[in-house]
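Participant: The residues making up each chain are set out below.
There are 2 protein chains.
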Amino acid sequence: MAISRKIRLYIKSSSWIRRMFEEGERRKKIYGEEDVFDFSLGNPDIEPSDRFKEIVTGLMKGDTIGMHRYMPNAGLWETRRSIAQFLCCERRAEFKPEDITVTVGAGGGLNIVFKTILDPGDEVVIPKPYFVEYDFYIDNHGGIARKVKTKVDFSLDIDAISDGITSNTKAVIINSPNNPTGRIYKEDEIKGLSEVLMYYSKKLGRPIYLISDEPYRKISYEESVPDIFAYYKEVFLVTSFSKDLSIPGERIGYVAVHPDIQDKAHIIEGLALSNRILGYVNAPALMQRVIPYLLHEPAPVERYKRRRDLFCTALSSFGYEFIWPEGAFYIFPKSPIEDDKRFVSALQDENILTVPGSGFGCPGHFRIAYCTSEKIIERSFDGFEKAIKRFRS
Amino acid sequence: MAISRKIRLYIKSSSWIRRMFEEGERRKKIYGEEDVFDFSLGNPDIEPSDRFKEIVTGLMKGDTIGMHRYMPNAGLWETRRSIAQFLCCERRAEFKPEDITVTVGAGGGLNIVFKTILDPGDEVVIPKPYFVEYDFYIDNHGGIARKVKTKVDFSLDIDAISDGITSNTKAVIINSPNNPTGRIYKEDEIKGLSEVLMYYSKKLGRPIYLISDEPYRKISYEESVPDIFAYYKEVFLVTSFSKDLSIPGERIGYVAVHPDIQDKAHIIEGLALSNRILGYVNAPALMQRVIPYLLHEPAPVERYKRRRDLFCTALSSFGYEFIWPEGAFYIFPKSPIEDDKRFVSALQDENILTVPGSGFGCPGHFRIAYCTSEKIIERSFDGFEKAIKRFRS
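Here the protein sequences come in this chain order: A and B. Last residue of the first sequence: 538 in my numbering, with the numbers rising by one and none dropped. Last residue of the second sequence: 538 in my numbering, with the numbers rising by one and none dropped.
Simulated from the structure, these hints should not be mistaken for lab results. Predicted model, so just to flag it, every value in this text is computed and none were measured. Misleading hints may appear alongside valid ones.
Chain copies aren't distinguished; within one or between two, either way the pair holds.
[Claimed, not checked] DSSO-like cross-link-like pairs, simulated, lysine-lysine; straight-line CA separation at most 30 Å:
# : residue 1 : residue 2
1 : 531       : 479
2 : 409       : 531
3 : 151       : 292
4 : 157       : 347
Given these sequences and hints, build the entire structure.
Facilitator: Put into structure tokens, the structure is as follows:
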């Protein structure tokens, strides 16, 4: 065999996603981009603010020397300091610049966290449904993903998490506001989770880490997102500027450790070393200079909220069942039939592209990403109505 | 233990580098940045061209929609097409856009190649001395680095490479112009290597890949760099724009496969999938739009050549022994004493920062990176002379 067995397997097993994608592309060619309603990807259609553009232009016109050079693997000190100061305002902990590692997006951030903490065979507990990349990120570093259920409303099932912890558990990862459900975990869920983690950390004589993946934190509609740092100390916060600044292609994010995390010196050094040896080296330099100006920039929440209201009201009236999203830009309805892939294919017949729940470890559902224009959303309604009627008549 | 055993070990074993680095920083604080002669890092002091800045500014002022969004994992089609066209001019093979994967620098490029081809236990042959990150990049994906010697003049020792090949060998990696030696491998070396690889590929019934890491290709003083694609088909070219455009912090490079590589469809899909699942997702979007304008931009070779001539002439007159570099911006002299770390420490006493050959798998030497100003180079000469005299008197 030429390529690795694992990669060959991944290519094979992801072939249905590829087929879906190709079918979507085929339809776009036939019917035109405007008449295929693509809700498959979390790729914001909103443009970055004018301020973002002005800052980039201003930096390029300035006379700063060495702006595009290598830098310490953890990032520019000024960038780390700005992020630490921002977090001090937002969270109930006193962050210092060294607590921050600037990363190639949240994807890069999660990989350096796993590289730093996982020995082969170590387990990471993940509540389902979950962002499917977690499987790969954990496997990259020899870890094992252990999925546990959530409650019917997709809130954390603390007992299920507790049952999922073994002597090999190194971490639990949560994502709130959640992709794909749009759920925000409430204070009592976070508190309950923290208590379980404290109990087992004590029992095992070493910390079980809580990895909090929060790229959608600024896209919250109704509730404030509870501050994980207020409840637990063995925390890695991982986030990016992809969604709130609408720049996912630029690959910029960060990891923040709790200022009081145990063994902090090694952990911080491990994160920087992992940034280096995984080939990221450092987060893109120009963007590291841009983001300190935009940390307090609000995300376009109102626009996403209008879309959510529009979409959810219509879907509800057609008979779809779902939890109203509290954050992020996804709806995760029940599939009207058990076979979610078949229903997603029925939607495709209406030129509507979505992702089956199977892709998130949660069959019987499907995901709609509503980071698309209101016009596209409205024009898709006929198709959504027709598709559910096909199976409900 | 909290952090992984491997990371803990890496931190421990890299502590001498850290101590060196800290000692350098300490000296800079005492004597001033200008009076510590830092030749330790390959971080170009040259600024990117005005054209680079104009292109970035122009792009930001334009009205292209979606410039900062997610994109296919392999990169923007226009960028891949431009690179393919550039390679068609430069090399003896007909590249198509799909042969190109745009990456987070050469570091990202090497990691996706290793992720794509390596099964646990697979071996990669590396001629010594070598860029030390190869060890990590190979280990990240379960591979084993198998180092073989080069000749006294650091040219490829084809017999040693041949002896290093086993039934587990998946690839050979070469780096020309070379870091740390500055050697450019000549046509007969490349031809000899290709013949060996063809012989063993046939014998093993599967290709042994040649990974050609060429970030310094445009920084060549005397010879043209032979075109690897003319001699062998199972090739991954990995490179970046870090050195020729002086933008290493921006993390932009690419992988090009030989248009006639076996099992090409799987390999290309594997590279894109690896870009995705290793958390790079895609190479930074803005830079992907910049580089098509700068592919034919010459590197500042004349400036580096002046520095090389200045440095080498002086070192030679002090009694240092070395091969004159033919490319890149490194000199790799013999240490006047066997213990290279001790000699590097003696140079440090003169406020000169270099890296011991041990760091490149080649003790008894040390590396000087001359991507620093002529002024700094000239002012370091006294120290270089004193240091060698200390051991030669």
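Participant: Now tell me if each hint is right for this structure.
Facilitator: Structure-based check of each hint:
1. 531 x 479: Only inside one copy: residue 531 and residue 479 sit 16 Å apart there, 77 Å across copies, limit 30 Å.
2. 409 x 531: neither (56 Å within a copy, 42 Å between copies)
3. 151 x 292: For residue 151 and residue 292, the Cα distance is within 30 Å both inside one copy (20 Å) and across copies (26 Å).
4. 157 x 347: For residue 157 and residue 347, the Cα distance is within 30 Å only across copies (27 Å; inside one copy 42 Å).
When held up to the earlier numbered hints, the structure conflicts with hint 2 and nothing else.
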